[in-house]
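The listed protein sequences derive, respectively, from chains A and B. Take the position in the first sequence, starting the count at 1, then add 8; the result is the number in the numbering used here. Take the position in the second sequence, starting the count at 1, then add 354; the result is the number in the numbering used here.
Take the hints with a grain of salt, since some may be wrong.
As the list claims (entries may be wrong) - Partial selection, computed: residues in chain B whose CB lies under 10 Å from chain A:
{"#": "1", "residue": "Gly462"}
{"#": "2", "residue": "Leu522"}
{"#": "3", "residue": "Pro543"}
Stated by the list, open to error - Each computed BS3-like pair below joins lysine-lysine, with the alpha-carbon atoms no more than 27 Å apart:
{"#": "4", "chain 1": "B", "residue 1": "Lys589", "chain 2": "A", "residue 2": "Lys115"}
{"#": "5", "chain 1": "A", "residue 1": "Lys140", "chain 2": "B", "residue 2": "Lys457"}
{"#": "6", "chain 1": "A", "residue 1": "Lys35", "chain 2": "A", "residue 2": "Lys81"}
It should be emphasised that the hints constitute simulated quantities derived from the structure, not laboratory data. Every residue, glycine too, gets a C-beta built ideally from N, C-alpha and C.
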Amino acid sequence: MASIDIQNVKKAYGHVKVLHDIDLQIKDGEFVVLVGPSGCGKSTLLRMIAGLEGVTGGEMRIDGKRVNELHPKDRDIAMVFQSYALYPHMNVAGNMSYSLKLRKTAKEKIAAAVASAASKLGLDPLLDRRPKALSGGQRQRVAMGRAIVRQPKAFLFDEPLSNLDARLREQMRAEIKKMHGDLKATSIYVTHDQIEAMTLADRIVAMHGGVVQQVGAPLELYDRPANLFVAGFIGSPGMNFLDATYSAGGVTLRDGTFVSLPSPLALDDGAKVTVGIRPEHVVMGGEGTGMAASVDLVEPTGFGIILHLSLHGLAFKVFTLDRAALSAGPNVQVVFPSQHLHVFDEGGGRCEPR
Amino acid sequence: MKTSLLPTIAHRLAILAYVIFALFPLYWLFKVSLTPNDLLYSEGVRMWPSRTTWEHYSFVLQHSAFPTFFKNSLIVSGSTAIIVTICASLSGYALSRFSFRAKYWIVGLMLLTQMFPLVMLVAPIFKILTPLGLTNSLTGLIVVYTAFNVPFATFLMQSFFDGIPKDLEEAAMIDGATKFTAFREIILPLTLPGIAATLGFVFTAAWSELLFALMLINGNNAATFPVGLLTFVSKFSVDFGQMMAAGVLALIPAALFFLLIQRYLVQGLTAGAVKG
Numbered sequence: 009m010a011s012i013d014i015q016n017v018k019k020a021y022g023h024v025k026v027l028h029d030i031d032l033q034i035k036d037g038e039f040v041v042l043v044g045p046s047g048c049g050k051s052t053l054l055r056m057i058a059g060l061e062g063v064t065g066g067e068m069r070i071d072g073k074r075v076n077e078l079h080p081k082d083r084d085i086a087m088v089f090q091s092y093a094l095y096p097h098m099n100v101a102g103n104m105s106y107s108l109k110l111r112k113t114a115k116e117k118i119a120a121a122v123a124s125a126a127s128k129l130g131l132d133p134l135l136d137r138r139p140k141a142l143s144g145g146q147r148q149r150v151a152m153g154r155a156i157v158r159q160p161k162a163f164l165f166d167e168p169l170s171n172l173d174a175r176l177r178e179q180m181r182a183e184i185k186k187m188h189g190d191l192k193a194t195s196i197y198v199t200h201d202q203i204e205a206m207t208l209a210d211r212i213v214a215m216h217g218g219v220v221q222q223v224g225a226p227l228e229l230y231d232r233p234a235n236l237f238v239a240g241f242i243g244s245p246g247m248n249f250l251d252a253t254y255s256a257g258g259v260t261l262r263d264g265t266f267v268s269l270p271s272p273l274a275l276d277d278g279a280k281v282t283v284g285i286r287p288e289h290v291v292m293g294g295e296g297t298g299m300a301a302s303v304d305l306v307e308p309t310g311f312g313i314i315l316h317l318s319l320h321g322l323a324f325k326v327f328t329l330d331r332a333a334l335s336a337g338p339n340v341q342v343v344f345p346s347q348h349l350h351v352f353d354e355g356g357g358r359c360e361p362r
Numbered sequence: 355m356k357t358s359l360l361p362t363i364a365h366r367l368a369i370l371a372y373v374i375f376a377l378f379p380l381y382w383l384f385k386v387s388l389t390p391n392d393l394l395y396s397e398g399v400r401m402w403p404s405r406t407t408w409e410h411y412s413f414v415l416q417h418s419a420f421p422t423f424f425k426n427s428l429i430v431s432g433s434t435a436i437i438v439t440i441c442a443s444l445s446g447y448a449l450s451r452f453s454f455r456a457k458y459w460i461v462g463l464m465l466l467t468q469m470f471p472l473v474m475l476v477a478p479i480f481k482i483l484t485p486l487g488l489t490n491s492l493t494g495l496i497v498v499y500t501a502f503n504v505p506f507a508t509f510l511m512q513s514f515f516d517g518i519p520k521d522l523e524e525a526a527m528i529d530g531a532t533k534f535t536a537f538r539e540i541i542l543p544l545t546l547p548g549i550a551a552t553l554g555f556v557f558t559a560a561w562s563e564l565l566f567a568l569m570l571i572n573g574n575n576a577a578t579f580p581v582g583l584l585t586f587v588s589k590f591s592v593d594f595g596q597m598m599a600a601g602v603l604a605l606i607p608a609a610l611f612f613l614l615i616q617r618y619l620v621q622g623l624t625a626g627a628v629k630g
């Protein structure tokens, strides 16, 4: 197992810059999730760590050793691909042992390593099968088996669960987390699914437009998003954003509603801001307790209910576990609890208390 | 789902009609090869002669130069197919996977070679091969056929390589393989259907090539079978029975060849490689 240091790493294809000065230190045994929308550069970064893409600038170190110029085969890392990339002409055992064969490992050792990985993943009865005779979940397991057989310095996962159906994805997610608990292997996991990021990560790296937006523990990103992008990306349904103006001690929404804040912010009075509040933090109250909003749409999810509201023409969402919301009339009363308000300045950055 | 009878019948009939249409010339070839010479013109057009004979076959095999033509054709077509397939595998892989500076121009140039009518090139090629001593030799034919088949075969192989996900060789490289090991152990086995198709295509192209064989070869020693067929045409008559018998015999290797490779042609070996 190893640490991975990424210093000032850049990537450009011709004149198109896809990664800008990425700095990231991954500790030995840590599970780091790179998350972001498509095209944010997270997969490119992962492929650069694997050695499948060249590094345009900066330095990348695995276990303290510079790897910028090192061929993938010499980096001693394992990767699980979104497509699984199993070798179709080899059976499961062949797929899992290929890397050891290339390293000229003794036959008995290969057999032992494959057997132990297979039993860990419940693949024992499938060792003689070809990939095309396996289900999606089984293929996924073989791909993981191929990675753990080698005991590499680090595991890289490139959206490994994207091709599975929802139920299987949930199950494999838990298995990956359990496997990481057992092996304590340094892992870098790329996904666009924020639930996967939240559940698996020791630390999340949120990326957008080739720039790291925030690095932190999952709940830190949820509770204190560093900017509008992270605030909007983490959480489902996504955070509501409302335009407002800051004045001492509170914000005035576009329609004139004033909401007070727990402590004054480091902003000038009259500054334009964006106020964010998560749908699950909006409180629905009785008559006369808050602001009146009209109900546009009700979406029951079974677990809870998502209400699409408009407040003097401003659209926003509320998530509630209260089934009474299903029969809500055309108008409801909502309250924005001030401790749950996030305020972002004109540049999109989080505003901290003075 | 219940399919109604009428469209099914119409569909089958259409296929049958096509198969009959496509195979009829072959049937006629076979029929004439079995018809005794005295019945060929006297019986008129009949689907089957009143009397059949194998005498054309025995004559062709025992008293003509046909076995030499046959051997020459086998050498030329087999060598051409193997050399072209090896070259096309390597160049097709390069075109599919690498980006290099002159790629666009090389592809353009290869396309350009396919645009000229071959007749235009016969004289220059003859002029080039003569001082090299490659006219009237099987080696010369192999060189010319290889040169003309490599571009198309390269495009054919490229499309097969394009169909193999890049993830597979990346996975192999991460598993510890060099680029060439990944090509040899992972990509090449998966391209067997493509290799079979290319072998088959080039083999048949070389097997039936007439123009260059006719121009570059004179005499029976280095003649291939299409040229040899012409020896059955004499100044005053065409010996149809012997010619057809030779034609039937010439079909055998091509048919055998396709029988051998058809398993790979229809096999979708990449199934299950990636999500399915």
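Verification of the hints:
1. Gly462: At 22 Å from the nearest chain A Cβ, glycine 462 of chain B fails the 10 Å test, so the hint is violated.
2. Leu522: At 5 Å from the nearest chain A Cβ, leucine 522 of chain B passes the 10 Å test, so the hint holds.
3. Pro543: holds, 5 Å
4. B:Lys589 <-> A:Lys115: violated, 73 Å
5. A:Lys140 <-> B:Lys457: violated, 35 Å
6. A:Lys35 <-> A:Lys81: Distance of about 22 Å is within 27 Å: holds.
In summary, the structure is inconsistent with hints 1, 4 and 5 from the numbered list given earlier, while agreeing with the others.
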